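What follows is each chain in one-letter form.
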Amino acid sequence: MELCLFRIDHQEYALPMSNVREVLNRPRVSPVPLSPDILSGITHFRGQIVPVFAIDHLFENFNSSPTLEERSRILILTQEHQTLGIQVDQVDEISLPDELGTFFTDNPPFLLGMALTHAGRSFKPTSLPRLVQSLSHTLSNVTLNLLD
Amino acid sequence: MSTTAPLNRLSLTLKIALASILVGIIATFTTVIIAYFLFNDVQQKNAQNHLSSLRNILENKLERQIEFLKLDSQSLAQSPGIKQLLYIKSLETIDSTIEASFDTCHQSLSEHVKQAHYHDIYLCDPNGKILYTTLEPKSVQLESTLLKVLCKETSKSRQTVVQSSDRGVERSSNYLNEPVLLAASALISGGQVVAILIIESPLSILNATLSISDPADRGNISASTEAYLVDASLSPRTILKKSGLTKVDTVAARNALAGNSDVSIYKNYAGTTVLGAYARLQIDGLPWALIVEQSTQEALQPIHHATWILGGLGLILIILISFLGFIFAKTFAQPLVTLKETILKVASGDESARANVTSEDEVGQLAHAVNEMIVERNAVKDRISTENKRVQTNIQDILLVVADASEGRLCVRAKRTEGILGNVADALNRMLENVSALMGQAKNASAQVQESSSEISASAQNLADGANSQTQQIAQTILEVQNLAAEAQGVSENSQEAAKAASQTRQAAEEGAKAVRDVVAYMERLQESVQANARKITQLGERSQEISGIVRSIGDISAETDVLAMNASIEAARAGEQGKGFTVVADQVRALANRTRQATIEIEKLVMGIQSETSEAVKQMERANVEVENGTRQVSSAGDSLSKIVEASVDSSTLANQISQSATQQEQRAQAMLQAIVAINQIAEDTRNRTLDFRETSDLLASLATELNKQLANFEIGTDGSSDKN
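The listed protein sequences derive, respectively, from chains L and R. Per the numbering used here, the first sequence starts with residue 146, numbered consecutively. Per the numbering used here, the second sequence starts with residue 7, numbered consecutively.
Just so you know, these hints were derived from the structure itself, not from any lab.
Here are some of the chain L residues that sit facing chain R, going by a computed Cβ distance under 10 Å:
hint : residue
1    : Cys149
2    : Arg166
3    : Val168
4    : Gln235
5    : Glu238
Predicted model, so just to flag it, every value in this text is computed and none were measured. Backbone N, C-alpha and C fix where the C-beta goes; we use that ideal spot for every residue, glycine too.
With the hints as constraints, model all of the structure from the sequences given.
Okay, here's the thing in structure tokens:
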């Protein structure tokens, strides 16, 4: 399985390549009024309105999310008919992990564990369905349900 | 389910073969069984018919024989010889002539008995007294109750009576103790029964009849066939094959005596199972049964033979059908097997494989369709490989362009092609154009920086030259001032020579003032030059700001390219195996973007260095400016002092006394002035040194600009016209 590696707050994460649609550089993101901080806004992607999330709000040791000017890249992800964007620092590469081991399963729950590449880099594999589940859970109090 | 599973695992050939064999076996079995039963029935009927016809023939023969016996006795009774014999017997006396005629009659009767195989012929009176026998013609000694009963019966009915007896008429001589057949006819003369003629015949004559000697009657009846007669007391009346039996107590005998006639299978007197035909003989006085038997084993022999033959034929048929079934199965299944092997071959990669089926039926059509399908598949495969080759070529083109660009030849352009690679080529071209345009601008800016820095260097040179001459002048001033001090000392020592000295002093002071003015003018020029330098350097700082702005936009473009290449990688990964080559291209583009970003970072570092150096230079310029201003101010005050000296020296001639008083003061002032001049000299020296520092800085700036130019020269931008177009 090919993985797409990306960085958020100096941490490397990975998602299956099959979930990744495109990387957007500095797209126009319109903020949604009265929405929680985790929802950065909405953007247009190929004639479709796509929600953009700052998923570091889901992390336990989250301090303050950088603004859209500082973190300008959006990773467009798809799962079945859902399309969403997440703010990332950088998209690194597409790689095949040598080993995929689960060493911890603490927060946030969408992380699968730790993995190593052949170059010795470590990253955290992520599951998009679980990420979407976490986002849905976080957004459950908000009437605006963009993920449906 | 459990039976279909192993059936499904059988090959088609075996299935067809098994089906045809099964049908063949069923058909063969059915045919053989039907044929067996039909044949069995026919054979049994045939045997029965034969036996019953044989029984009828024998019956007729027996009846005819007995009828003949009756007729013979009647004709004998009517014959004149018997009448004559009876007459002779009734005579009391017999002469020789009568004797002779008696002998003649006796002889002819004996002859008849011998010819007809009779035992004897009796002549009795109606009461049963024997008058004559052929065996004892002269004197009859016999008394027979059997004959008496027979005579009485015959004379009563006046008809020929046939009767059988267990044994013949008893005699003293050796006589056969066997059953006999008696036929009695009455001699009627004048309406009165005068005598009875009785023929005694052995039953063995019937044996000859029943032995079925006629080949035409025998037919297929073999040696085991036996015909015999049974009388009312179930005693055999003919000689049986199994001798010594006195009773024949069988179902057939009973049924026949009861008046029935039939053909059936039963156990005979010997205990053998036989096929027998029986009937009651319709002869007066003989209530006998005629039985014709044949052992069933022999009668039904053809059926056993037929069973074996039919079984053998059935076996041969089954083997033949099995063989044919296999051949049919092979014939029908072979095209399908060939077809399956062809498809397997094609699946394992043999493209030249074709189904070689020549038949015109559905299988043949299927084979043709499969062949067409294989051809179509090969064509599609070729098309895909051609398309792949085209994409490969395009990717190679783009790779060449990317390789050229990474070596700095930005004037190259990727060929425009169809599809997503065309878009990539477009994006690459656009990026190359943007980069080359920016590089052009950077080159221009760098050239301007170089120009400006060389101008600054020239100005610094001028400044250094000015500073040198200033130092020289100041050294001169020091000498002058020292002279002045000496003069002042001289004034204090020699007040008489004060006037002269005063004028000399005035002159010297005027010259000093002039020198000081020169110094001031030089200082002002120096200040101007320093300010000009500062402006130039500030401009240089602004230029380098522009460069850093350009470099930032190059960085932005490289980031954009990185994202573009990333997306290309993602699309390539989505394309799967087909996109592998394109992933390589995207990675190359990403590497190029990274290298561009590294270059911009280096340039930015250089520009930062220029900017810090520039601001340092500007600061130094400002400091130098302040120092120069201080120097100028002090030099101006020195000038003012000199003017006062001039005024004082004018008054000195008149104020000679005052001179001596003020001489000390003057000397002190001269000393102070000397100190001031030395200070000025120090300042001028500093100025010169700083100017030299500044020159070094500007030289460094110029060399940096040259290095920048060199760096930028690595990029081949192409003609201005092409970069202007886009």
